Amino acid sequence: MAMIQGSGWRKVAVFYAPLFAFIFGLLFPFYWMLVTTFRPDGELYRPWNRANTTPFWTTHPTLEHIRYLFTDTLFGTWLYNTMFISIVSTLISLFCGLLAGYALARLRFRLAGSLGTSIFITYLVPPTLLFIPLAEITRTFHLTDTPWALILTYPTFLIPFCTWLLMGYFKTIPKELEECARIDGASRVQAMVRIIFPIAMPGILSAGIFAFTLSWNEFIYALVFLSTTQQKTVPVGVVSELIRGDVFYWGPLMAGALLGSIPVAFVYAFFVEHYVAGLTGSVKG
Amino acid sequence: MTAKPIAGGRGDAATAALPRPRVSPARGLGRLLEDERSLAYLLLAPTALILTMFIAYPFLRGVWLAVTSATVGDPGEYVGMKNFQRAWNDTIFHRTAINTFVYTGVTTVFKLALGMWLALLLNREFRAKRYARAFILLPFIIPTVLSTLAWQWMFDPTFSVINWCLWQLGLITQRINWLGDEYLALISIIIVNVWRGVPFYAISLLAGLQTVNPELQEAAAIDGATAWQRFWRITWPLLLPVTMVVVLFSVIQTFADFQLVYVLTRGGPANATHLFATYAYQIGVGAGLLGQGAAISLALFPVLFVVVVLQLWYIRRTETA
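As you go down the protein sequences, you meet chains A and B in turn. One rule links them: number in the working numbering = place in the first sequence (from 1) + 7. One rule links them: number in the working numbering = place in the second sequence (from 1) + 50.
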């Protein structure tokens with residue numbers, strides 16, 4: 008909006024100052040994570056009110072915490088586990104969401120309305136409502152402590168989201184495109200796979216990226232369904248293996264938090280626009 | 051719910067015959083895929099299967115667990131409403147219920163106010179706007195547990211950087227024990243939740259703001275309306291549908307929150323900061339009392355139900371309007 012009136016100081020007071028305050032507040036914890044990662048233990052455990060010449064940076068950066076993470080813990084394994092689980096559950100969810108979204112957006116059948124509504128309702132069911140019975144169910148299926156316990160349960164919150172997002176996307180694609188293909192002799196399935204899905208690629212990408220970050224972020228199922236150290240995901244591994252009793256290994260903890268965030272941040276950095284489209288699409292009815 | 055191939059060809063011949071110029075062989079599968087109804091059910095089958103197995107069934111199973119005395123390794127027996135009665139008479143559960151409502155209410159107000167403010171700031175044109183927007187979303191995309199750990203470090207009773215800053219500014223002489231005091235701990239949790247939620251509100255509301263016609267604002271400005279009036283009379287009403295949906299979504303997430311409290315306090319000190327989800331975890335997983343834990347997590351259900359109904363009603367209304 009070209010509504011910025013007033014001159015210099017006023018603009019600083021009502022616009023730049025609050026904006027910078029927001030950015031500073033929102034980013035400071037990440038900066039602190041970064042500083043702590045490279046700070047030697049001697050500087051980390053200085054009581055809060057001890058005189059301190061370099062409070063916000065360090066003059067003796069060290070890679071010790073990162074080394075500890077990879078040699079004394081299974082951080083590498085956790086990274087791999089998280090990556091594997093996130094990718095597979097995202098792919099399963101995209102597959103299901105594509106088919107379901109297409110059916111709900113394009114095909115006329117009796118239960119369309121009620122099935123659409125029930126998928127939307129499952130979208131709103133938080134994992135915290137179901138983790139106790141689900142823990143029991145994964146035990147019955149002998150999935151506990153395997154990646155499959157998560158790969159099969161993450162789609163419960165990813166599929167509804169993908170379906171909902173892609174349904175909205177399919178609705179914006181003109182019906183005529185498909186009809187032309189069908190007149191040329193393509194079957195329904197051919198028209199769907201060859202004509203509609205390629206056009207929906209941006210939507211698919213948005214849904215996929217968003218689903219990937221959601222699975223990377225998931226905590227409670229991973230905490231409850233996995234128990235051995237080798238099977239853990241990054242969030243669970245960092246919280247459970249680097250805090251022992253009352254002892255917090257802050258250096259490695261922050262290094263783990265930083266490195267565990269990088270894959271998501273990386274994906275995000277490359278696809279900001281798609282991510283934002285997924286985010287805003289996820290709340291649009 | 052799943053695709054029943056019985057409906058395949060029969061009775062649908064009329065609809066199926068119309069738009070098919072080059073008649074492909076009437077093999078079973080081909081016919082099935084060409085029929086709108088059976089194709090729809092086939093496409094929905096994988097989704098229906100997964101959601102039935104891992105949402106609908108666990109939900110029913112959870113309701114059943116809640117009325118049994120099940121523990122880990124022991125299926126238990128039917129005990130009626132006993133688990134709910136016990137929760138009803140449990141002072142920690144009372145505290146948990148109050149915490150959950152306070153937490154949801156307070157954070158929602160702050161997230162909406164700050165998120166709206168940030169959205170309005172971002173809706174202006176300025177250099178590096180794209181970068182600002184990208185960076186602002188970081189708290190939302192970085193895994194919550196990991197960013198919450200950074201906060202826990204910042205709240206550390208002995209090494210807190212926040213305390214250091216306040217002390218340097220001359221605001222405090224005694225350390226603040228952010229997570230050690232029961233009220234302060236709840237406030238700290240609220241601060242972190244607001245921090246994490248503001249970007250989501252801001253970016254969603256910004257998307258809504260971009261659809262508001264700037265000419266309306268300009269016209270009102272020419273008529274002498276102040277910025278404050280323009281916001282409440284023009285922007286706010288036009289943005290209300292988006293705001294409603296964002297708030298309802300966020301209320302569900304916040305009400306059922308687990309990670310923040312689990313990392314920052316584990317419900318402590320002295321069980322003073324539990325939310326429904328963390329208390330259910332402590333009882334159901336920590337202590338292994340599945341029945342009792344399931345009953346506690348079902349306490350989430352009535353409120354979630356109301357919010358979901360509200361949301362469905364609201365979406366219906368805006369769709370038909």
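Hints in this document: simulated from the structure, not taken from any laboratory. Worth double-checking, as some hints may not be accurate.
As the list claims (entries may be wrong) - So the derived label-pair ranges between C-beta atoms look like this:
hint, chain 1, residue 1, chain 2, residue 2, range
1, A, 236, B, 316, 44 to 50 Å
2, A, 53, B, 230, 17 to 23 Å
3, B, 107, A, 25, 45 to 51 Å
4, B, 222, A, 79, 34 to 40 Å
5, B, 176, A, 38, 44 to 50 Å
6, A, 273, B, 271, 15 to 21 Å
7, A, 153, B, 359, 33 to 39 Å
8, A, 78, B, 241, 54 to 60 Å
9, A, 236, B, 128, 36 to 42 Å
10, B, 286, A, 53, 20 to 26 Å
Unchecked claim - Derived list of chain B stretches under chain A, where covered just means 3 residues or more per stretch with a C-beta under 8 Å from a C-beta of chain A:
hint, segment
11, 133–144
12, 148–154
13, 227–237
Claimed, not checked - Sample of chain A residues at the chain B side, in silico, Cβ under 8 Å:
hint, residue
14, 73
15, 124
16, 140
17, 141
Being a predicted model, the structure only gives us computed values, none of them experimental. Built from N, CA and C at the ideal position, the CB exists for glycine as well.
Hint-by-hint comparison with the structure:
1. About 20 Å separates the C-beta atoms of residue 236 of chain A and residue 316 of chain B, a value inconsistent with the hinted range of 44 to 50 Å.
2. Between residue 53 of chain A and residue 230 of chain B the Cβ separation comes to about 20 Å, which falls inside the hinted range of 17 to 23 Å.
3. For residue 107 of chain B and residue 25 of chain A, the Cβ-Cβ distance of about 49 Å falls inside the hinted range of 45 to 51 Å, so the restraint holds.
4. Under the hint 34 to 40 Å, the C-beta atoms of residue 222 of chain B and residue 79 of chain A, about 37 Å apart, fit the expected range.
5. A hinted range of 44 to 50 Å is violated for the C-beta pair residue 176 of chain B and residue 38 of chain A, which are about 22 Å apart.
6. Take residue 273 of chain A and residue 271 of chain B: their Cβ atoms lie about 43 Å apart, and the range 15 to 21 Å is violated.
7. Judged by the Cβ atoms, the range 33 to 39 Å given for residue 153 of chain A and residue 359 of chain B holds: they are separated by roughly 37 Å.
8. At roughly 35 Å, the beta-carbon separation of residue 78 of chain A and residue 241 of chain B lies outside the given 54 to 60 Å, and the hint is violated.
9. The supplied range of 36 to 42 Å is met by residue 236 of chain A and residue 128 of chain B, whose beta-carbon atoms lie about 38 Å from each other.
10. The hint said 20 to 26 Å for the Cβ distance between residue 286 of chain B and residue 53 of chain A, and at roughly 48 Å that hint is violated.
11. A count of 0 residues in the segment 133–144 of chain B with a Cβ less than 8 Å from any Cβ of chain A is obtained; the coverage claim is therefore unmet, three being the minimum.
12. Counting residues of the segment 148–154 of chain B whose C-beta lies closer than 8 Å to any C-beta of chain A gives 0; at least three are required, and the coverage claim is violated.
13. Counting residues of the segment 227–237 of chain B whose beta carbon lies closer than 8 Å to any beta carbon of chain A gives 0, which falls short of the minimum of three for the stated coverage.
14. The interface hint given for residue 73 of chain A is broken, as the beta carbon of that residue sits about 15 Å from the closest beta carbon of chain B, more than 8 Å.
15. Residue-level restraint check for residue 124 of chain A holds (minimum Cβ-Cβ distance to chain B is 7 Å; threshold 8 Å).
16. Evaluation of the residue 140 of chain A hint against chain B yields a held restraint, the C-beta minimum of about 4 Å falling below 8 Å.
17. The closest approach between the C-beta of residue 141 of chain A and any C-beta of chain B is roughly 5 Å, which is under the 8 Å cut-off, so the hint is satisfied.
In the structure shown, a violation is registered for the earlier hints numbered 1, 5, 6, 8, 10, 11, 12, 13, 14, in ascending order.
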